[in-house]
Amino acid sequence: EPEVTQTPSHQVTQMGQEVILRCVPISNHLYFYWYRQILGQKVEFLVSFYNNEISEKSEIFDDQFSVERPDGSNFTLKIRSTKLEDSAMYFCASNAGGRTGELFFGEGSRLTVL
Amino acid sequence: AQSVTQLGSHVSVSEGALVLLRCNYSSSVPPYLFWYVQYPNQGLQLLLKYTSAATLVKGINGFEAEFKKSETSFHLTKPSAHMSDAAEYFCAVSANSGGSNYKLTFGKGTLLTVNP
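The listed protein sequences correspond, in order, to chains F and W. Quick note, the first sequence lines up with residues 6 to 119 if you use the numbering used here. Quick note, the second sequence lines up with residues 5 to 120 if you use the numbering used here.
There's no promise every hint is true.
Said to hold, decoys possible - Going by beta-carbon spacing under 8 Å, a handful of chain W positions derived as facing chain F:
| id | residue |
| --- | --- |
| 1 | 48 |
| 2 | 67 |
| 3 | 109 |
As the list claims (entries may be wrong) - So the derived label-pair ranges between C-beta atoms look like this:
| id | chain 1 | residue 1 | chain 2 | residue 2 | range |
| --- | --- | --- | --- | --- | --- |
| 4 | F | 56 | W | 83 | 44 to 54 Å |
| 5 | F | 85 | W | 45 | 24 to 34 Å |
| 6 | F | 18 | W | 120 | 32 to 42 Å |
| 7 | W | 44 | F | 17 | 15 to 25 Å |
| 8 | W | 33 | F | 56 | 14 to 24 Å |
No wet-lab data here; the hints were simulated from the structure. Note that the Cβ used here is the ideal one computed from N, Cα and C, for glycine as well.
Let the hints inform the model, and build the full structure from the sequences given.
This is the structure:
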């Protein structure tokens, strides 16, 4: 069964460092998303991406964040200068563009900022 | 805009007892509704979804949920809890953000513990 894959599963970084989280969405999907879950809190929407551009972003997704689809398969989230409060689980998701709105999630990348 | 309220951040049941996890939603358009389960240190797994077909939806692991428009609810139930059901459960509502772009809005989650 097709699935969304994310790497790395866990990354530890120093405050101020750049981090890139990678995702391979399901191959025929058209819409891509990043969500974030701070430990013990709810899953929050960060950004959606379609046709090589951001279609919607939340207040969390400030200038420190960027997304890119550098080739036909990868979808990346970059945090330019990490802060302690960026420590969270980051989930990538994709959607085929159908009518049900079902998102398929990856296993997540846990980011720890020290 | 849409939102989800999950009543009870923590629910504790005995093994074999009924599980009831409550979810109420708010949406300005007909919603699609989902329940996801998250086991410790794992990702989000879809339990079941309501997509405007049958109002009683059956999912994996014996769970089901009923969409009640008049009550704006989508409560999750399971007749008999099993120890393996212990996890965090998230209710989510999806609405069209334009074109075929759907954004999921999650509730705060309900942690289910199952006592032997």
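Against the structure, the hints:
Hint status for residue 48 (chain W) relative to chain F: holds, with the closest Cβ pair at about 4 Å, below 8 Å. Taking 8 Å as the C-beta cut-off, the interface hint given for residue 67 (chain W) is violated, the closest approach to chain F being about 16 Å. For residue 109 (chain W), the interface hint holds, since its Cβ comes within 8 Å of a Cβ in chain F; the closest pair sits about 7 Å apart. For the hinted restraint 44 to 54 Å between residue 56 (chain F) and residue 83 (chain W), the CB-CB distance of approximately 45 Å keeps it satisfied.
Remark: the range hint 24 to 34 Å for residue 85 (chain F) to residue 45 (chain W) is upheld by a beta-carbon distance near 27 Å. Against the hinted window of 32 to 42 Å, the Cβ-Cβ separation of residue 18 (chain F) and residue 120 (chain W) comes to about 41 Å, which satisfies the hint. Residue 44 (chain W) and residue 17 (chain F) have their C-beta atoms about 20 Å apart, which keeps the hinted 15 to 25 Å range intact. For residue 33 (chain W) paired with residue 56 (chain F), a C-beta distance near 23 Å keeps the hint of 14 to 24 Å intact.
Hint compliance for this structure: hint 2 alone is broken.
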